[in-house]
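Chemist: With the hints as extra help, turn the sequences into a complete structure.
Listed here are the chains, written in short residue letters.
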Amino acid sequence: MAQFKIKDYAKIIRPQNFDELQLLAERVRGKTLKMVNSTAVGGGVAEILSRFIPLINELGVITKWEVIKGSGAFFGVTKAFHNALHGSKVDVYGQMFEIFRENNEENRRNMTFDEDFVVIHDPQPAGLIESKKKSKTKWVWRCHIDLSNPQPEIWNFLKGYVSKYDGSIFSTPWFAKELPIPQYFIFPAIDPLSEKNKDLTPSEVDKILRKYNIDRSRPIVTQISRFDRLKDPVGVIKAYKLAKKHTDCQLVLAGGSASDDPEGAEVLEEVKNEAGNDPDIHILSLPPFADLEINALQRASTIVMQKSLREGFGLTVTEALWKGKPVIASAIGGITLQVIHNFTGLLVHSVEGAAYQIRYLLNNPQVAERLGRYGKEQVREKFLITRILRNYLLLLIALDHPNENIIQL
Amino acid sequence: MKAKVPFVFYTSSQLVQITGKKAAHLKEFVEVMKEVEDSTIFYHIHHAYREHQFAPGAYSNDFAHWVGEELGESALAEKLANLSIKDVTSLSVLRSRIIEIVEEFLNNATEIRRAAPQHEFYFCKNIGFISKTKYQAWDLGEFCEMLKKVGLRSLFFHFFEARLRLNRRTNDFSDWIKADFNDAVLANKIEALDPYVYTLDELRDKIISLIKASQGFPWKKAVKWLSSKLKITQK
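First to last, the protein sequences are chains A and B. Each residue of the first sequence is one higher than the one before, starting from 11 at the first, in the working numbering. Each residue of the second sequence is one higher than the one before, starting from -9 at the first, in the working numbering.
Any given hint could be a false lead.
[Stated by the list, open to error] To be clear about the criterion: a stretch of chain B counts as covered by chain A if any three or more of its residues have a C-beta under 8 Å from a C-beta of chain A, and this derived list gives those stretches: (1) 3 to 9; (2) 93 to 103; (3) 106 to 114; (4) 117 to 125.
Calculated directly from the structure, the hints in this document are not laboratory data. A quick note: this is a predicted structure, and the numbers were derived from the prediction, not measured. Glycine is no exception: its CB is placed at the ideal position from the N, C-alpha and C atoms.
Modeler: If you want it as structure tokens, here you go:
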């Protein structure tokens, strides 16, 4: 992975915002911070941490990243916790809580927490808070998942730990639960210099599109998402078919490989059935680490769709907006924080609504251009990694000024 | 002309805190509005304007946005969007005004619309961090130069935040111009700008052009320049 310096971002964000980052960094220079999560590679949390940590170190906050260890049984339990916290019904068995507790204790014995601040990511290492007792360290729990409708038994167990922290961070207000500790609101973000988001030359884009036999001379409507019913790929095909009765276009549905996911394979089959023999529907089952391909497909698109039925924050929407693409997306979850209807994109509620908006944008390129332009500016201001850096610098300052609404620096 | 004291540019950053309070319909909304902190009112009144600084939006504040988009009450949304902080002197007055508008609507409403789950109004609050920048100005020319250099958050701070959170009756720029240059006309012109029809970039440009227009032709500078040229010629 290419390693970037903070100055590389100075050309991307407003210069004044870059100055502000430096100004805030002066206030916490020399402070120490530890981030703890449960995996070093794979998954969105590890991806953003691997990019965030060198940058915050460069800003002067001495930051370490540690990953907890765990048995297969432990990760089986935390996977069940994850599903239960997302609202699925999970069978709770006797040993579950004990396995979680023991594994956290085992990690705790092998770790030290002498830093000024510790940020624990997600439920797996939440039990490390038991080390807080004697230290002056400020502890924060960073929750990346949707806690709006959790299975009560699991949440009540976890809440026992979470309530002991000095603060918590959630990605959207509706992911949060009522807690006796402060809850900060920090959006996820993308890295504009990553393989998935960096600028590409037209020839790089062409090369990838040729590989998939997609005609660049005709409009392309794309949805990037894994083959999952909650992403409604069949609904996207239906919307495309309705739109195509009036306006010529091609459809690209691209997502991760479904080979290791029985349900994914089933959905992929449903998608192929719905697509039938239409040569203008391109169903691409991408291999892992296909970031460059995703980048090129998004950049080549005339419109990007995200017609999900349920969505967390929806970083694929952020990626498309950053590429200046007009986005048509369902009015659900974190999408509504990013797509402001008729301003930074178009929000829809049905297959028919999506179909109409495809027709509308394909026939009104000036509107599509304006939505894409505003969408990109919104991402520049709110959804880039530099904003997460700013939020963290502010958070560290706020933790040293509890209960203050105005902090004079 | 030099000021007695320089204009020191400050900037403000914000961290958002979730209060855990939410409203699914307008009756609930009014109840919660009566109990939230002033920093909640401040956050929801201005964060959309502050964050969408690249283009003026349809709704200037979160309350109007929610009422219009999630409840579909367009007339009430327009009333709330039309709220201007210039008409009020403090956040508590602003809060009363919002409650009054919504209660008046509720008194005449035939139905109470409910937002879908996760589309409720989630009340947040703002933690403000105020810091001094390295920029300051001793005269109006220097002021215009510095205003171009400081971030839009600094403009936001002096034009909106100082007025509402620190209970000042005008914006900081007008205050300084009136006090240090005795130029009430220019100060009033800046104060009279309608910020809600501009982006922050445009607002900054408007302020600079008002200052430049007030300066007229720079006779003193021209004479100084001319005499320096004449001296060179005489030598």
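Chemist: Hint by hint, note whether the structure agrees.
Modeler: Outcome of the hint check:
Counting residues of the region 3 to 9 of chain B whose beta-carbon sits less than 8 Å from any beta-carbon of chain A gives 6, enough to reach three: the coverage restraint holds. Note: the region 93 to 103 of chain B has 0 residues with beta-carbon separation from chain A under 8 Å; the three-residue rule is not met and the coverage is violated. For the region 106 to 114 of chain B, the stated coverage by chain A is satisfied: 5 residues place a CB nearer than 8 Å to a CB of that chain, which reaches the threshold of 3. Judged by the Cβ-Cβ criterion of 8 Å, the region 117 to 125 of chain B is covered by chain A as claimed, because 7 of its residues qualify and three suffice.
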